[in-house]
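Peer 1: Based on the hints, put chain B in the right spot on chain A.
There are 2 protein chains.
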Amino acid sequence: MKQSLFFAKTRKESPKDAVAASHKFLLRADYIDQLAAGIYTLLPLGQKAHQKLLKIIREEMDAIGAQELLMPALHPKAIWESSGRWEVYKGEMYQFQDKSKHWFGLGPTHEEIITAIVASRVSSFRDLPVALYQIQGKFRDEARPKAGLMRGKEFIMKDLYSFHATKEDFDDFYNKASEAYLRIFKRCGVEAFPVLASGGAFTKDMTKEFMIKTKAGEDITLICEHCGWAANKEISANVSKNCPVCKEKVSEHVTLEAGHIFHLGTRYSEKLGAFFLDENGKRQPMIMGCYGLGTTRLLAAIVEVHYDKKGIMWPESIAPFDIHLLALGKDNKIKQEAEAIEGHLQKEGIGVLYDDRDISAGEKFADADLIGIPLRVVISEKTLGQGMVEIKYRKEDAARMVTRGELINIAKADLNRVNN
Amino acid sequence: MKQSLFFAKTRKESPKDAVAASHKFLLRADYIDQLAAGIYTLLPLGQKAHQKLLKIIREEMDAIGAQELLMPALHPKAIWESSGRWEVYKGEMYQFQDKSKHWFGLGPTHEEIITAIVASRVSSFRDLPVALYQIQGKFRDEARPKAGLMRGKEFIMKDLYSFHATKEDFDDFYNKASEAYLRIFKRCGVEAFPVLASGGAFTKDMTKEFMIKTKAGEDITLICEHCGWAANKEISANVSKNCPVCKEKVSEHVTLEAGHIFHLGTRYSEKLGAFFLDENGKRQPMIMGCYGLGTTRLLAAIVEVHYDKKGIMWPESIAPFDIHLLALGKDNKIKQEAEAIEGHLQKEGIGVLYDDRDISAGEKFADADLIGIPLRVVISEKTLGQGMVEIKYRKEDAARMVTRGELINIAKADLNRVNN
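Each protein sequence line maps, in turn, to chains A and B.
Numbering that gives the first Met the number 0 puts the first residue of the first sequence at 0, with every later residue one more than the last.
Numbering that gives the first Met the number 0 puts the first residue of the second sequence at 0, with every later residue one more than the last.
Watch out, some of these pointers could steer you wrong.
Pairs count within a copy or across copies, as identical chains cannot be separated in the list.
Using 27 Å as the maximum straight-line C-alpha spacing, the simulated DSS-like pairs for lysine-lysine come out as follows [unchecked claim]:
#, residue 1, residue 2
1, Lys100, Lys76
2, Lys1, Lys332
3, Lys346, Lys411
4, Lys89, Lys391
5, Lys411, Lys54
6, Lys166, Lys8
7, Lys98, Lys76
8, Lys346, Lys54
9, Lys100, Lys89
10, Lys8, Lys308
11, Lys8, Lys281
12, Lys394, Lys11
13, Lys8, Lys270
14, Lys329, Lys185
15, Lys309, Lys381
16, Lys411, Lys1
17, Lys89, Lys76
18, Lys246, Lys23
19, Lys166, Lys308
20, Lys175, Lys1
21, Lys346, Lys334
22, Lys346, Lys175
23, Lys381, Lys1
To be clear, the hints were calculated from the coordinates, so they are not data collected in a lab.
Bound conformation, chain A alone (with noise of 0.2 Å):
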């Protein structure tokens, strides 16, 4: 792709309310565009960043056997009635009515919707377990939204919820969801750990939440670097300062949530209608479960762990780019090597995005540091002159020329090991 072409215009400065390193340098860049507080366009930057992503989570969530559909964000006010949860929600969810004056809310979360969906589908234990998944637009009347992509009036989740007969099939799955969790955030070049945490408005119980370790994190947790106990703040209030596990003392760590998961138990089973027959024949309600995670809010969390002081440093696995080809000098030769490179590469399926435009060498060497695709190369007169290419991973300081065949076995062996 053509950066003369490409829809994207990087800025030297970030607006001033934006704080969080994720914030500044995804505006910055021209990932993301502010349309009003806590609500965000992802540009075609974004957008590719945001598919990778969603990618890795489909596969891992595809890989415990969980299915997905797409739910509606309008739901009628009747449904949140009948689980309670019409009033507990107001002020959190946008309640309006249509032009016919019935009531609907916008969906910041979905248990009741999909309960009623599988109440009407599952009635012996013979058709349980089930486990669902959507990748949604979702909304929450946020009175303070900040940090960009962090916290919103509107973002999107991948959001699955499970069925179960028994308990032990759900702590099964439990433990399966939690670990496809962790499998996502290393895929995705992010260190999470899952710490007990309340369940807010949701449940009573206890519940994990899984944290990334960042500057810009919101969220105090307390860790036992001993035995790995952990707990957020609110949970951990009696523990003082010593583990409740092997009594030795705990650290406090600033960290940001990424995902939450929750044991539902038979609430909403119960109220909706959710029953199923046992094998004794017996008319039992689901036990459930509800594993939240924030897709757009991760994208931040991500830059928040891989970023320096000139810009992004994406993990390759999320990049919206495999390599940003850098052509300097106005010599048509430079062209023609950058843009026969560039076909080269783009046949072994690495995704490039080639600057063409006519400016300083200095402005695409920030660009590129800003936006931070993983490999640069560069094609100039020096590198020309030599038969060679320079190439230098975002991540390192050091770069070192290469030939164009090293190039591209360089380039298939990144991609396949991240594909793999």
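Peer 2: Below, chain B alone, put in the same frame as chain A:
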């Protein structure tokens, strides 16, 4: 995918209010679930078919140089006021206040948002043209939702917007987009033809609708079979019975609208400040076009063209699976053979729904006809005895016996044909 694990439950009856074939069959075969009038979930079968449709649309959009982004659904009142459409869209757009008493609307279309995005990034004729599209849930306060996915309060749409320096450049892209639409419809197995139409709330200019001839259509179109002139009833009110071009007799058709493309001129660019400097350094408003295609609506339209009294007959390009594999009988050898074939086909990248359920052969055949996967493969005692499998295309009457090797080759050839 084993059907015993797949989340879909077919029904013998459809709701009384379901009149259109697509509405009836998509409900009965469990592609969709109705939450409220005009509000549906895409269940796993529906999600799979819809994703295949989106892949085709993305390929054709990318091929004409359009780039994908994703805009928000929550729009602040101010931006709709700058175009003068906040009042115009009352009654059609859901409009409400957040808890800070700020007004928002749920975007039924995105001219205002995209124009503001482009305005802040394009300054010179050198930056033009720009073509951007998104695939996104849309909301319209529809008083009389009907026919399932055909006309709803919430639906999914591909909307493309283009920005140009000259009318010639706009015309050129408008024709390219029009051809891309025709390719999309063809690849989805429906024949669409462009007709002249009015612009509704969008524009006073003439526009182009893409109509599909179906029994479930809601618009009358006049067509001149002689010279090819075509227009919708509204436009052609003055035409009486003769073509305005060649004076031959025109005929009336009930057809379904599947896409709509507009010349917006400089209406939005002037109001939202999307100006550029032309070659002479003169400030000019950009010339705009917009190009809509309802993707969930198109999914229904495809069914309207491809069904018989037993159910859906998907085109290969859209079907949720390529092959429906039916194992008949309880003999373990039948199951072993079916599983071996499923594994073999999947290794070749062929999507298989394997009906391993403990129900009668009659029920399996009826479900296969209803769900509408293009190729049915049966393994039974009879086929095992002959060392063969029975295959039958959904659109053909005759079944025939082939060897396992022949089946693989046939399935691979079918898949290749669709992909190229």
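Peer 1: None of the hints should be skipped; say for each whether it holds.
Peer 2: Here is how each hint holds up against the structure:
1. Both within a single protomer and between protomers do Lys100 and Lys76 lie at most 27 Å apart by alpha-carbon distance, with minima of 11 Å and 21 Å respectively.
2. Taking the closest pair of Cα atoms, Lys1 and Lys332 come within 27 Å of each other only inside a single copy of the chain (17 Å); across copies the shortest separation is 57 Å, beyond that limit.
3. For the identical chains of this complex, Lys346 and Lys411 are neighbours both inside a copy (11 Å) and across copies (23 Å), given an alpha-carbon limit of 27 Å.
4. Within a single copy, Lys89 and Lys391 get their C-alpha atoms no closer than 52 Å, and across copies no closer than 55 Å, so neither meets the 27 Å cut-off.
5. Within a single copy, Lys411 and Lys54 get their C-alpha atoms as close as 20 Å, and across copies as close as 25 Å, so both meet the 27 Å cut-off.
6. Taking identical chains as interchangeable, the C-alpha atoms of Lys166 and Lys8 lie at most 27 Å apart only when they sit on different chains, with a minimum of 25 Å there against 53 Å within one chain.
7. Taking the shortest alpha-carbon separations for Lys98 and Lys76, both the intra-copy value of 15 Å and the inter-copy value of 18 Å come in at or below 27 Å.
8. For the homomeric pair Lys346 and Lys54, the shortest alpha-carbon distances inside one copy (21 Å) and between copies (20 Å) are both at most 27 Å.
9. In this assembly of identical chains, Lys100 and Lys89 lie within 27 Å of each other by CA distance both inside one copy and across copies; the values are 18 Å within and 14 Å between.
10. Proximity of Lys8 and Lys308 under a CA criterion of 27 Å is satisfied intra-copy only: 19 Å inside one chain copy versus 55 Å between copies.
11. In this homomeric assembly, Lys8 and Lys281 come within 27 Å of each other (Cα to Cα) only across copies, at 22 Å, whereas the closest approach inside a single copy is 63 Å.
12. In this assembly of identical chains, the alpha carbons of Lys394 and Lys11 lie at most 27 Å apart only when taken from the same copy (21 Å versus 60 Å across copies).
13. Proximity of Lys8 and Lys270 under a CA criterion of 27 Å is satisfied inter-copy only: 23 Å between copies versus 51 Å inside one chain copy.
14. Taking CA atoms no more than 27 Å apart as the test, Lys329 paired with Lys185 passes in neither setting, with 42 Å inside one copy and 44 Å between copies.
15. For a Cα distance limit of 27 Å, the shortest separation of Lys309 from Lys381 inside one copy, 25 Å, qualifies, whereas the shortest one across copies, 70 Å, does not.
16. For the homomeric pair Lys411 and Lys1, the shortest alpha-carbon distance inside one copy (21 Å) is at most 27 Å, but the shortest distance between copies (35 Å) is not.
17. For a Cα distance limit of 27 Å, the shortest separation of Lys89 from Lys76 qualifies both inside one copy, at 11 Å, and across copies, at 22 Å.
18. Neither within a single protomer nor between protomers do Lys246 and Lys23 lie at most 27 Å apart by alpha-carbon distance, with minima of 41 Å and 63 Å respectively.
19. In this homomeric assembly, Lys166 and Lys308 never come within 27 Å of each other (Cα to Cα): the closest approach is 49 Å inside a single copy and 44 Å across copies.
20. Taking the closest pair of Cα atoms, Lys175 and Lys1 come within 27 Å of each other only across two copies (20 Å); inside a single copy the shortest separation is 43 Å, beyond that limit.
21. Taking identical chains as interchangeable, the C-alpha atoms of Lys346 and Lys334 lie at most 27 Å apart only when both belong to the same chain, with a minimum of 18 Å there against 42 Å between chains.
22. In this assembly of identical chains, Lys346 and Lys175 lie within 27 Å of each other by CA distance solely across copies; the values are 25 Å between and 38 Å within a copy.
23. For the identical chains of this complex, Lys381 and Lys1 are intra-copy neighbours only, at 22 Å inside a copy versus 59 Å across copies, given an alpha-carbon limit of 27 Å.
The structure fails hints 4, 14, 18, 19 (numbered hints given earlier, in ascending order).
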